[in-house]
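Working from the sequences, and respecting the hints, build out all of it.
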Amino acid sequence: MRPTVLVAIMLASAPAWGQDTAARSNMALGDSLYAARNAQAALADYEAAIAADSMNYEALWKAARSAVDLAEFDPDKDHRTGLYKMASADARRAVAIHPDSATPHFHLARALGREALTYGPGTRVKYAKEVRSEALAALAIDSTNPGALHVMGAWNAEIMRLSGFSRFMAKNFLGGGIFSQASWQNATDYMEKAVKYDPSRIIHHLDLARIYQDTGDKAKARTEYEFVINAPVTDYNDPHYQDDARARLSKL
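Numbering (the numbering used here), first residue to last: 1 to 252.
Any given hint could be a false lead.
As the list claims (entries may be wrong) - Listed next, the in silico BS3-like pairs over lysine-lysine satisfying Cα-Cα at most 27 angstroms (straight line):
| id | residue 1 | residue 2 |
| --- | --- | --- |
| 1 | Lys85 | Lys126 |
| 2 | Lys196 | Lys129 |
| 3 | Lys129 | Lys77 |
| 4 | Lys196 | Lys218 |
| 5 | Lys129 | Lys85 |
| 6 | Lys220 | Lys251 |
| 7 | Lys220 | Lys196 |
| 8 | Lys77 | Lys126 |
| 9 | Lys251 | Lys218 |
In short, the hints are calculated from the structure, not lab data. All of these numbers come straight from a predicted model, not from anything done at the bench.
Written out as structure tokens, the structure is:
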């Protein structure tokens, strides 16, 4: 191949190489910021990586993860909803790219589930089918995925926390036959497995404590709340979870 032809090929490929380098740089910085619990800056870098490469599967699910982290305690309702919708959109794209991976299914279930909790019972029920479907899709691929196990534990618990009337409406008027499968035992079993496979993550222990409290096992609830309060902070929202545990423990 003549040198001039080789140079022409290299020049034509330069933008793609540059985009790939930028995406890798943004991903590395995003991961570093995520580890430092700087969710806002991490999200910006993941979104920059997506802008450089719209098929960047890892950037898509990580952006979804950070967007949900930011949304969970955002006091601005409209901004919170926007973040959840951003998260679900990014997670859907990640699912489309790698439907055989448990990770994007979990992050889609998480985004939809967290958004659902911001609405009233009627709207919440409408989200429940897809939340369950995505969590089960993740577990079909990886039965030990702690995030998906957590989502299924929370799904069962939230259905059981609905009033009897709301559950009746879901079962009979919204085509929600799956809601009859929800139980406190399922909630407990799934959440205990989430703790088993990811024992250091605070949120698993907090939601398990809430389930124990709801089912009348105060001793186990107290143990889990105390774990949350005393555990090392590793995730963006852990300080909020610890505050929640303190408040709940004081009323136990």
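Against the structure, the hints come out as follows:
1. Annotation: proposed proximity of Lys85 to Lys126 holds, straight-line Cα distance about 15 angstroms (limit 27 angstroms).
2. Proposed proximity of Lys196 and Lys129 is supported: the alpha carbons are some 26 angstroms apart, at most 27 angstroms.
3. Only pairs whose Cα atoms come within 27 angstroms are accepted, and Lys129 paired with Lys77 is accepted, the gap being roughly 23 angstroms.
4. Of the supplied pair hints, the one linking Lys196 and Lys218 holds, its CA atoms being roughly 20 angstroms apart against a limit of 27 angstroms.
5. The hinted pair formed by Lys129 and Lys85 meets the criterion: a straight-line CA distance of about 17 angstroms does not exceed 27 angstroms.
6. Between Lys220 and Lys251 the CA atoms are separated by roughly 15 angstroms; this keeps the pair inside 27 angstroms, and the hint holds.
7. Straight-line distance between C-alpha atoms of Lys220 and Lys196 comes to about 15 angstroms, which keeps the hinted pair within the 27 angstroms bound.
8. For a cut-off of 27 angstroms, the pair hint linking Lys77 to Lys126 stands: about 19 angstroms separates their Cα positions.
9. Distance restraint check for Lys251 and Lys218: the Cα-Cα separation of roughly 11 angstroms lies within the 27 angstroms cut-off, and the hinted pair is therefore satisfied.
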